[in-house]
Amino acid sequence: MKRSIRLRVPAIAVVAAAALAVGACSSGSGSSSSSTATSTPSSGASSPTSSPSGSASAALTASAPGITPTTITIGSHQPLTGPAAPGYSEIAPASAAYFAYVNAHGGIYGRKIVYKYLDDGYNPTTTSSVVRQLVLQDNVYAIFNGLGTPTHLAVASFLNAQKIPDVFVASGCNCWNNTAQYPETFGWQLDYVREGKILGNYIKQHFAGKKVGYFFQDDEFGMDGVKGLDYVIPKSQVVSRQSYVPTNINIAPAVTALKAAGAQVVVAFSIPAFTALLKLNSLKLGFSPTLVVSNVGSDPITLGGLLEAFAKQGGATVSGNALTQGIITDGYGSSVGDTTNSWTKLFKMVHDTYDAKAPFDGNVLYGEGVAYTFVQAMFKAGQNPTRQDLVNAINGGLPQGDFVAPLAYSATDHAGATGAYIGVITNGVIKQQGPVLVTDPTATGAITTYTGTESQAPASGIPSSP
Amino acid sequence: MNTRSTPRVLAAALATAVVVAILSIKLNAFRDFQIAEIAIYVTAVAGLTLLTGLSGQISLGNGAFMAIGAYTTALLMLHLNWPFLGVLVIAGAVTALAGAVVGVAAARLHGPYLAGATLLLGVALPNIAFAWPGVFGADQGLNVVYTAPGFLGVNFPLTRWQAWVCSAVALIVLVLLANLGRSRIGRNWRAVRDNEVAAALAGVNVAVARVRAFVVSATCAGLAGALLAAVTGLVAPGAFTITLSIALLTAAVIGGLGTLPGAVWGSLLIVLVPTYATDVATSHGLSSSVASNIPVAAYGVVLILVMLVFPQGIQGGVRWLLGLFGMTSAKKTQMKEGTQ
Numbered sequence: 001m002k003r004s005i006r007l008r009v010p011a012i013a014v015v016a017a018a019a020l021a022v023g024a025c026s027s028g029s030g031s032s033s034s035s036t037a038t039s040t041p042s043s044g045a046s047s048p049t050s051s052p053s054g055s056a057s058a059a060l061t062a063s064a065p066g067i068t069p070t071t072i073t074i075g076s077h078q079p080l081t082g083p084a085a086p087g088y089s090e091i092a093p094a095s096a097a098y099f100a101y102v103n104a105h106g107g108i109y110g111r112k113i114v115y116k117y118l119d120d121g122y123n124p125t126t127t128s129s130v131v132r133q134l135v136l137q138d139n140v141y142a143i144f145n146g147l148g149t150p151t152h153l154a155v156a157s158f159l160n161a162q163k164i165p166d167v168f169v170a171s172g173c174n175c176w177n178n179t180a181q182y183p184e185t186f187g188w189q190l191d192y193v194r195e196g197k198i199l200g201n202y203i204k205q206h207f208a209g210k211k212v213g214y215f216f217q218d219d220e221f222g223m224d225g226v227k228g229l230d231y232v233i234p235k236s237q238v239v240s241r242q243s244y245v246p247t248n249i250n251i252a253p254a255v256t257a258l259k260a261a262g263a264q265v266v267v268a269f270s271i272p273a274f275t276a277l278l279k280l281n282s283l284k285l286g287f288s289p290t291l292v293v294s295n296v297g298s299d300p301i302t303l304g305g306l307l308e309a310f311a312k313q314g315g316a317t318v319s320g321n322a323l324t325q326g327i328i329t330d331g332y333g334s335s336v337g338d339t340t341n342s343w344t345k346l347f348k349m350v351h352d353t354y355d356a357k358a359p360f361d362g363n364v365l366y367g368e369g370v371a372y373t374f375v376q377a378m379f380k381a382g383q384n385p386t387r388q389d390l391v392n393a394i395n396g397g398l399p400q401g402d403f404v405a406p407l408a409y410s411a412t413d414h415a416g417a418t419g420a421y422i423g424v425i426t427n428g429v430i431k432q433q434g435p436v437l438v439t440d441p442t443a444t445g446a447i448t449t450y451t452g453t454e455s456q457a458p459a460s461g462i463p464s465s466p
Numbered sequence: 467m468n469t470r471s472t473p474r475v476l477a478a479a480l481a482t483a484v485v486v487a488i489l490s491i492k493l494n495a496f497r498d499f500q501i502a503e504i505a506i507y508v509t510a511v512a513g514l515t516l517l518t519g520l521s522g523q524i525s526l527g528n529g530a531f532m533a534i535g536a537y538t539t540a541l542l543m544l545h546l547n548w549p550f551l552g553v554l555v556i557a558g559a560v561t562a563l564a565g566a567v568v569g570v571a572a573a574r575l576h577g578p579y580l581a582g583a584t585l586l587l588g589v590a591l592p593n594i595a596f597a598w599p600g601v602f603g604a605d606q607g608l609n610v611v612y613t614a615p616g617f618l619g620v621n622f623p624l625t626r627w628q629a630w631v632c633s634a635v636a637l638i639v640l641v642l643l644a645n646l647g648r649s650r651i652g653r654n655w656r657a658v659r660d661n662e663v664a665a666a667l668a669g670v671n672v673a674v675a676r677v678r679a680f681v682v683s684a685t686c687a688g689l690a691g692a693l694l695a696a697v698t699g700l701v702a703p704g705a706f707t708i709t710l711s712i713a714l715l716t717a718a719v720i721g722g723l724g725t726l727p728g729a730v731w732g733s734l735l736i737v738l739v740p741t742y743a744t745d746v747a748t749s750h751g752l753s754s755s756v757a758s759n760i761p762v763a764a765y766g767v768v769l770i771l772v773m774l775v776f777p778q779g780i781q782g783g784v785r786w787l788l789g790l791f792g793m794t795s796a797k798k799t800q801m802k803e804g805t806q
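Chains as they are written, first to last, in our numbering: chain A, 1 to 466; chain B, 467 to 806.
Just chain A, same shape as in the assembly (with noise of 0.2 angstroms):
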């Protein structure tokens, strides 16, 4: 007896310890998450209507898998918990309410979205594991707005290897426009490199002369970004590049050195959590660039809330929005700032609905956003579609939603956003400055003003069948 008694302990303790370690990567952000969007509340039956264009004339067939005649049934891995989650949990809740929208209104020529989407903790690992879970298992149709660049290079060439429909990455890496290796993948973002460009194009155009810093994560959503910023800043400009690695938030010697180079400009390719550890320990030193910050790291609401946040812990009150005054930074989507754009009121209605509880933030347009771009790829793939047919729907071109520039999409290009404007955040909400910019992701590729205008949401809510 004293035996076991002595054994239990320390094996409670390291159990314990394990069950903790695991717990303490959870999220907690209070982001709601649900992990099916099946039904919806205010339609119960499951049996087909009438397409919005009513033209229903083909009777509705399994015509791959993943399709009944009654529904079409996606999947995504997405870091519900562990260290990506704070913000990006908030993405497909987003797009599971806007897919509980149109299967309230009609569905896809009658069939509901059935939206899977599991969590992969941001860790490659698990996410093969819960992709091939969907796919072998549960039979999807399609993979649909999986996030993160490493987790989902884990599951790219499985995915085409079984020939899969891979849209929408939610991911900027140019990896994704890849059609000779990646036939079945299609980004959907504005990728790093144009970002890059694009932010590149309006310092040397703002701050000729000046010395400019270079503030980066050290992986592809960096090294994209500088690689943009490099193809237009000329080179003898740039007196500092400073990388940082995720999980070491003690960034003060970056910031130090960037001090000691002079720079007068600060460019910053960060996750939310690492501009606002910028922006304070640049306080902290006396040293107050101009900075210019790319658009997943800046957006106000998430940024402000985090720079309050960790102020508070060093024991300091700051205003978030008088710290984010002045920002400059990129946006190729709707902005929840910009109340009168016609996506905003959509997808505030849509949010209001269907996923009141989330925070209505940038993360929520992406996600509806995204969403718009499958319904819309999902009509045009025609009413019994195979997996195949949407692959070509998308290669044919698709409208370019709430982005204000058209989407890259052809047979040759799997890119999505093509352009973006400039923007200055003021009191926590991003004002355009300028036109809308268009480029490539290439070294010469010109950098030009859009011409065409930007679309206006279908007052049903939903894209029109072509």
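Hint data in this document are derived by calculation from the structure and do not stem from the laboratory. Small disclaimer: the values here were computed from a predicted structure and weren't measured. Mixed in with the good hints, there may be bad ones.
Some, not all, of what chain A presents toward chain B, calculated at C-beta under 7 angstroms [what the hints assert, rightly or not]: (1) 80; (2) 83; (3) 119; (4) 133; (5) 154; (6) 245; (7) 249; (8) 454; (9) 456; (10) 459.
Stretch by stretch, here's where chain A covers chain B in the computed footprint (C-beta under 8 angstroms, at least three residues) [as the list claims (entries may be wrong)]: (11) 541-548; (12) 756-764.
Every residue, glycine too, gets a C-beta built ideally from N, C-alpha and C.
On the provided structure of chain A, position chain B as indicated by the hints.
Just chain B now, with coordinates in the frame of chain A:
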């Protein structure tokens, strides 16, 4: 375990191989993938359970050894196009070497100090990938392409082949470890674990015994890492976080420290429980913020319950049950295992 003779171990391994082969054909492709995953964990956990259970050392860094095996595999397959069998051998050898280096330091440390040192290894080593992005691909990692051999035909499911390869490696490792545990080396480990001074007085070289245990556990982790690279197709630092090292130790403890069948129970548990918990959470339409955290919570609750009910791990529980039904050989084993 130590009362089993070699023929019995071989018979058990063969029987398991037959069961796995039948399961891999009967079940769907995703279950095949899970069989491969379980076999990978079994390979790594078996080494760790011997280290902790028999030689009395702890390691919170075996995830790092898996990373070494995985990166070795990726680099050899990418640059030299080696066949997988050769890669597997080299991956094991490279990790054995790393294990020897760490083991020399570890042999001088005890208890929390050893845990701390190996924890450092587990946290720090995967970050080397960021130091040489050109070689290790940084955050993005390295891609590994491993396909089923041509003679099986083009329509042979890849996941079934992966299940076979991983299970074969796991079973071979289990048979070898079972033998090792019963050999002079294994007896020395137990002697060192129970009383270092007495073992030294009896002529056991304590330091050598401890380093050996580390090398064996590291080699198993390296083989598991190589298999993981081949099965998931990507080697990236995000796959080898400290959580992995802790998961391995959890599996060893929960299955029953020092017992090889325990390594199998533990691996089954840590692979299957999160999947089932996710299925339950998603099929009951639970409210928003709850559902995504349920698998994590359920996993923790299961671990705590198993430890409360079976303080000696699942294998301890199995033995107790067998004992209840009068299976004397099991009873004898339990008594002979003594302090375990």
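Verification of the hints:
1. 80: holds, 4 angstroms
2. 83: violated, 9 angstroms
3. 119: holds, 6 angstroms
4. 133: This interface hint holds because 5 angstroms falls under the 7 angstroms limit.
5. 154: Check passed: Cβ of residue 154 of chain A comes within 4 angstroms of chain B, closer than 7 angstroms.
6. 245: Nearest chain B Cβ about 5 angstroms off; hint holds.
7. 249: At about 14 angstroms, which exceeds the 7 angstroms cut-off, the nearest Cβ of chain B leaves the hint on residue 249 of chain A violated.
8. 454: At about 33 angstroms, which exceeds the 7 angstroms cut-off, the nearest Cβ of chain B leaves the hint on residue 454 of chain A violated.
9. 456: violated, 31 angstroms
10. 459: Violated - the Cβ of residue 459 of chain A stays beyond 7 angstroms from chain B, reaching only about 29 angstroms at its closest.
11. 541-548: violated (count 0)
12. 756-764: holds (count 6)
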